[in-house]
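**Student:** Sequence:
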Amino acid sequence: MKKKIIATPKAPAAIGPYSQAIRIGDFLYTSGQISLDPETMEMITGDIEVETEKVLKNIEAILKEDGLNLNNIIKTTVYLTDLSEFARMNQVYEKFFTDTKPARACVQVAALPKGAKVEIDVVAHS
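Numbering (my numbering), first residue to last: 510 to 635.
Any given hint might turn out to be false.
[As the list claims (entries may be wrong)] Derived DSSO-like pairs (lysine-lysine); straight-line CA-CA distance at most 30 Å:
hint : residue 1 : residue 2
1    : Lys519    : Lys623
2    : Lys623    : Lys573
3    : Lys566    : Lys513
4    : Lys584    : Lys512
5    : Lys604    : Lys566
6    : Lys610    : Lys513
7    : Lys512    : Lys573
8    : Lys573    : Lys584
9    : Lys584    : Lys623
10   : Lys566    : Lys610
11   : Lys584    : Lys604
12   : Lys610    : Lys511
13   : Lys573    : Lys604
14   : Lys584    : Lys566
15   : Lys604    : Lys511
16   : Lys566    : Lys512
17   : Lys566    : Lys511
18   : Lys566    : Lys623
19   : Lys604    : Lys623
20   : Lys511    : Lys584
21   : Lys610    : Lys573
22   : Lys584    : Lys610
23   : Lys511    : Lys573
24   : Lys513    : Lys623
25   : Lys566    : Lys519
26   : Lys610    : Lys623
Just so you know, the hints here were simulated from the structure itself, not pulled from any lab data.
Using the sequences and the hints, build the whole thing.
**Tutor:** Structure (structure tokens):
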């Protein structure tokens with residue numbers, strides 16, 4: 510199968526040797542997204558709710574670039590630096606997934622790039 514790189518200026522540019530997303534056949538795999546503003550490449554900081562919303566909006570922009578939306582997501586992985594913030598992150602997360610809820614894993618990590626509190630990557634299917 511042919512691999513297609515997906516990129517949009519409406520989501521943060523890659524800050525390393527990776528792509529925003531890769532399409533293989535009917536599947537789209539995104540790189541982990543943190544709460545970077547795509548225009549300034551500065552972190553949108555604040556509480557976990559603010560960061561989670563920005564992360565999911567960045568993911569939405571990548572999906573849209575490939576003609577998809579949140580309903581196409583089949584799996585997410587959520588990385589939190591503090592698992593005690595899971596419930597608060599989840600309150601924002603569930604607002605984005607009202608029709609179809611993807612499978613999900615959530616893990617606590619020691620640290621994330623740029624001091625982020627949350628990072629999310631997804632697998633979508635068209």
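**Student:** Now tell me, hint by hint, if it's right for this structure.
**Tutor:** The hints, checked one at a time:
A threshold of 30 Å between alpha carbons decides the hint, and for lysine 519 with lysine 623 the separation of about 19 Å falls inside it, so the pair holds. Pair hint lysine 623 plus lysine 573 holds up; C-alpha atoms about 25 Å apart against a cutoff of 30 Å. With a C-alpha separation of about 22 Å, the suggested pair lysine 566 and lysine 513 falls inside the 30 Å cut-off, and the hint holds. With a C-alpha separation of about 20 Å, the suggested pair lysine 584 and lysine 512 falls inside the 30 Å cut-off, and the hint holds.
Annotation: proposed proximity of lysine 604 to lysine 566 holds, straight-line Cα distance about 12 Å (limit 30 Å). Among the hinted pairs, lysine 610 with lysine 513 is consistent with the structure: their alpha-carbon atoms are about 26 Å apart, no more than 30 Å. Straight-line distance between C-alpha atoms of lysine 512 and lysine 573 comes to about 18 Å, which keeps the hinted pair within the 30 Å bound. Between lysine 573 and lysine 584 the CA atoms are separated by roughly 17 Å; this keeps the pair inside 30 Å, and the hint holds.
Taking the CA atoms of lysine 584 and lysine 623, the gap is near 24 Å; set against the 30 Å cutoff, the hint holds. For the hint linking lysine 566 to lysine 610, the alpha-carbon distance of about 16 Å falls within 30 Å, and the restraint holds. For the hint linking lysine 584 to lysine 604, the alpha-carbon distance of about 16 Å falls within 30 Å, and the restraint holds. Between lysine 610 and lysine 511 the CA atoms are separated by roughly 28 Å; this keeps the pair inside 30 Å, and the hint holds.
Using a Cα cut-off of 30 Å, the hinted pair lysine 573 and lysine 604 holds, with the two alpha carbons roughly 18 Å apart. At most 30 Å may separate the alpha-carbon atoms for a hinted pair to count; lysine 584 and lysine 566 meet this at roughly 16 Å. As the CA atoms of lysine 604 and lysine 511 are separated by approximately 34 Å, the hinted pair breaks the 30 Å bound. Using a Cα cut-off of 30 Å, the hinted pair lysine 566 and lysine 512 holds, with the two alpha carbons roughly 24 Å apart.
Proposed proximity of lysine 566 and lysine 511 is supported: the alpha carbons are some 27 Å apart, at most 30 Å. Only pairs whose Cα atoms come within 30 Å are accepted, and lysine 566 paired with lysine 623 is accepted, the gap being roughly 18 Å. Distance check on the hinted pair: lysine 604 and lysine 623 sit about 26 Å apart at the alpha-carbon level, within 30 Å; holds. Taking the CA atoms of lysine 511 and lysine 584, the gap is near 22 Å; set against the 30 Å cutoff, the hint holds.
At roughly 18 Å between alpha-carbon atoms, lysine 610 and lysine 573 fall within 30 Å of each other, so this suggested pair holds. Between lysine 584 and lysine 610 the alpha-carbon distance is near 9 Å, which keeps this suggested pair within the 30 Å criterion. As the CA atoms of lysine 511 and lysine 573 are separated by approximately 20 Å, the hinted pair is consistent with the 30 Å bound. Restraint check for lysine 513 and lysine 623: the C-alpha separation of about 28 Å stays at or below 30 Å, so the hint holds.
Of the supplied pair hints, the one linking lysine 566 and lysine 519 holds, its CA atoms being roughly 9 Å apart against a limit of 30 Å. The hinted pair formed by lysine 610 and lysine 623 meets the criterion: a straight-line CA distance of about 29 Å does not exceed 30 Å.
The structure does not agree with numbered hint 15 stated previously, though it agrees with all others.
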